[in-house]
Amino acid sequence: MTEIADIVLLILMIVLAVAISRMHNLFMAAMMMGIFSFLSAIIFTLLDAVDVAFTEAAVGAGVSTVLLLGTLSLTTREEKVAPKNNALALLVVLITGSALIYGTLDMPMFGDPNAPVHQHVADRYIEKSGEEMGIPNIVTSVLASYRGYDTLGEVTVIFTAGVGVILLLGYIWRKEDEQ
Amino acid sequence: MFIAAMIGILVTMALALCRALLGPTVYDRILSVNMFGTKTVLFIAVLEFLTGRPDFLDLALIYVLINFIGTLAVLKFVRYNDLGAEPEE
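For the record, the sequence lines run as chains A and B. Take the first sequence: its position 37, counted from the start at 1, is 37 in the working numbering, and no numbers get skipped. Each position in the second sequence, counted from 1, maps to that position plus 179 in the working numbering.
If we strip away everything but chain A, and leave its shape as in the complex, we get (with noise of 0.2 Å):
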């Protein structure tokens, strides 16, 4: 039954990208885009990646339309018209494409337990996770305690870009202020 789901859940998100990428009005191609987030985040549901799918919706849907809107509210309703003569635009996205599809030859199927991914440390974590950090979420021990120096990192980098966003934002403000 999933793969009917996924191959329906598919034909949908392949629709609208066609559709967003022929639309001439940013605040439409805003919304679809938030549509196609909604798609995916079914698609990650349907795979268990619960975390990703969670994210997705997050990030995708919700804070990215809420900053497209944004950005829109202080440029324009509508897009450029580009010029017809794409033929370099176009070889250039084929020649990318076919490079993409070429190295997803080479990768495991979707749950082969012979895949790299599951023969290195995974086995340790479902199997020690819950004694060694009494944790009932395996994912949780990993990214809160095994990886805690790379999970500290992530949070570093991204409240040096919060720090540097706000600071950018607070020079304008000051700026208007004075004038």
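In case anyone wonders, no lab produced these hints; they're calculated from the structure. Treat the hints with care, since some could be wrong.
[Said to hold, decoys possible] Over the 10 Å line for every Cβ pair with chain B, so calculated as not near, a few chain A residues:
#1 H24
#2 I35
#3 K84
#4 Y102
#5 G103
#6 P116
#7 K128
#8 S145
#9 Y146
#10 G164
[To be verified] Quick list of the computed label-pair ranges, beta carbon to beta carbon:
#11 B:V243 to A:D106: 32 to 42 Å
#12 B:A193 to A:A122: 51 to 61 Å
#13 A:T156 to B:A193: 37 to 47 Å
#14 A:D6 to B:V243: 17 to 27 Å
Backbone N, C-alpha and C fix where the C-beta goes; we use that ideal spot for every residue, glycine too.
Add chain B to chain A, keeping to what the hints say.
Positioned in the frame of chain A, the structure of chain B alone reads:
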């Protein structure tokens, strides 16, 4: 039973998508995007009961909240063309 519900939700999703792409006015599209979010929540809930693991229902609840915030932002943008606008008296 759950499979029938799932098929029904998928058909509704396709119809909502048609309305979002064809919809003559902005409000048709806003309503269809909002409805699509609701269908996502329903689909995830049905999927979880179908696979026998209703542990992730809180995920569906978070989706409802996100969808609400997104709809608020879209409506504010349509009404005032500015997300930071003060509401009218």
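Status of the hints after comparison with the structure:
1. H24: Label holds. Min Cβ-Cβ 14 Å, cutoff 10 Å.
2. I35: Its Cβ does come within 10 Å of chain B, the nearest being 5 Å, so this is violated.
3. K84: Check passes; 24 Å lies beyond 10 Å.
4. Y102: Per Cβ check, Y102 (chain A) is outside 10 Å of chain B; nearest 31 Å; holds.
5. G103: Its Cβ never comes within 10 Å of chain B, the nearest being 30 Å, so this holds.
6. P116: Correct as stated: the minimum Cβ-Cβ distance to chain B is 27 Å, above 10 Å.
7. K128: holds, 22 Å
8. S145: holds, 22 Å
9. Y146: holds, 23 Å
10. G164: It holds; G164 (chain A) is separated from chain B by about 21 Å at its closest Cβ, greater than 10 Å.
11. B:V243 to A:D106: 32 to 42 Å: holds, 40 Å
12. B:A193 to A:A122: 51 to 61 Å: violated, 38 Å
13. A:T156 to B:A193: 37 to 47 Å: Given range 37 to 47 Å: holds, Cβ gap about 44 Å.
14. A:D6 to B:V243: 17 to 27 Å: holds, 24 Å
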